[in-house]
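J.: Which chain is which? The protein sequence lines are A and B, in order.
Numbering of the first sequence is given in my numbering, commencing with residue 1 and proceeding in unit increments.
Numbering of the second sequence is given in my numbering, commencing with residue 1 and proceeding in unit increments.
Hints in this document: simulated from the structure, not taken from any laboratory.
Every value quoted in this text rests on a predicted model; they were computed, and no experiment measured them.
Each residue gets a CB set at the ideal place from its N, CA and C atoms; glycine is no exception.
Some clues are possibly wrong.
Simulated restraints on C-beta separations [unchecked claim]:
| id | chain 1 | residue 1 | chain 2 | residue 2 | range |
| --- | --- | --- | --- | --- | --- |
| 1 | B | 17 | A | 62 | 29 to 35 Å |
| 2 | A | 16 | B | 53 | 53 to 59 Å |
| 3 | A | 80 | B | 60 | 43 to 49 Å |
| 4 | B | 60 | A | 108 | 28 to 34 Å |
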Amino acid sequence: ETGVTQTPRHLVMGMTNKKSLKCEQHLGHNAMYWYKQSAKKPLELMFVYSLEERVENNSVPSRFSPECPNSSHLFLHLHTLQPEDSALYLCASSQDWGYEQFFGPGTRLTVL
Amino acid sequence: GQQVMQIPQYQHVQEGEDFTTYCNSSTTLSNIQWYKQRPGGHPVFLIQLVKSGEVKKQKRLTFQFGEAKKNSSLHITATQTTDVGTYFCASNAGNMLTFGGGTRLMVKP
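Isolated chain B (complex conformation) (with noise of 0.2 Å):
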C-alpha cells in the first residue's frame, strides 16, 4: 500500500535556528496533510496541500507540495520552545489516512 516516509525521525536544535522536516513518497499523493502532537498531547491539524507545487505558510510554518506530488516539506524558522513536539505528514489513498513516522522536534532553550 502507499507509504509515506518522513526524515528525519528526530531534530534537536537551539532555540531560533531553522528546522525542517521532510515526507517522501514513491507514488503521487492526492494531497498532503501536516499534524502537531505535542508531547503528551493528541495530533492537531495543521493544514491541507492538494496543488503540485503548493506553497503556503503559517507565521514561521512554511509548508511546500512538490511539484511531482511525491514529496512535501515543513519548515520552521527561528524556532521557539513552544514548537516542541512531533510533526506527521499523512496522505490519502481510498479511505485511509496513511501516516509517515513522524519527527520528532526538541528545541534547546
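Just chain A, same shape as in the assembly (with noise of 0.2 Å):
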C-alpha cells in the first residue's frame, strides 16, 4: 500500500533536538490525522487539518507542532521531547470528516 506514506519509519532522538516527521498521502484527500499510539494508551489523535487549515487539536503539548503546507503533505516538528513521548506516530487521511481513514505505516520514535 502506497497511499500514505511516512518518514522516516523509525528516529531515536534525544530531548533537546529538533526533528520532523514527514507524511505525504497521494489519495486526493482533503483532511489529513496525526495519531499517537503508545502501549498504554490506544490511538491518541493529536491533530486533524482540513484543506490545510487546522481544525483539531486534542490538547497537544506544545513541543509537538504540525504544519500543513498543503493537502497532500502533513508535518509533525518535534523539538525537547520528553522520554514518554516514545511512541508510534501514525499519519492517516480521509476523504473528508467521517469518512474511512487511510493509515501510513507510522514512524516508530524514542526519545532518549
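Both chains are sitting in their own frames, so use the hints and assemble them into the complex.
T.: Shown next, in the form of C-alpha cells:
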C-alpha cells in the first residue's frame, strides 16, 4: 500500500534535538491526521487538518508542532521531547471528516 | 467527551474457534467504524456501520450495530492464524474519530 507514506520509519532522538516527521498522501483526500499510539494507550488523536487548516488540536503539548503546507503533505515538528513521548506516530488521511481513514505505516520514535 | 469502550482487551483462541469483540458507548453514536491492525502494522479500515440494527458481513466477519446505536460487535467465525491482530472500533464525534482501546486477538494453531 502506498496511499499514505511516512518518513522516517524509525527515529531516535535526544531530548534536546529538533526533528520533523513527514507524511504524504497520494489519494486526493481533504483531511489529514496525526495520531500517537503507545503501549499504554489506544490511538490518541493529536491534530486534524482539513483543506490545510487545523481544525482540531486535542490538547497536545506545544513541543509538538504540526504543519500542513498543502493538502497532500503533513509534518510534525518535534522539539525538547520527553522520554514518555516515545511511541508510534501515525499519519492518516480521509476524503473528508467522518469518512474512512487510511493510515500510513507510522514512525517509531524513541526519545532518549 | 465521547468515549467508546471495547471488551475484552485480550483474547486467546484456538484456531477454528469463534471470536467476538464488543464496543460500547454511553451515548448514541452517529456511526461505527472497525479497523484491524496486524502486529507491527498500521490500522486498516474494515467497515463502517451507520444504521440502527445494521448487520454487515465480510466472509467470516460479521459486524453489528445495536438498535439503540450505543453498541457494536465484530464476530469472527472459525478463526484462522491470519486473523491475529488488534481490532479497533471507532466513532465520529464532530471532527474527531474516537477509538476504543482495541481487542488484541491471538490465535493458537
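J.: Are any of the numbered hints broken by this structure? If so, which, sorted upward?
T.: Going through the list in order, the structure violates hint 1 alone and respects the others.
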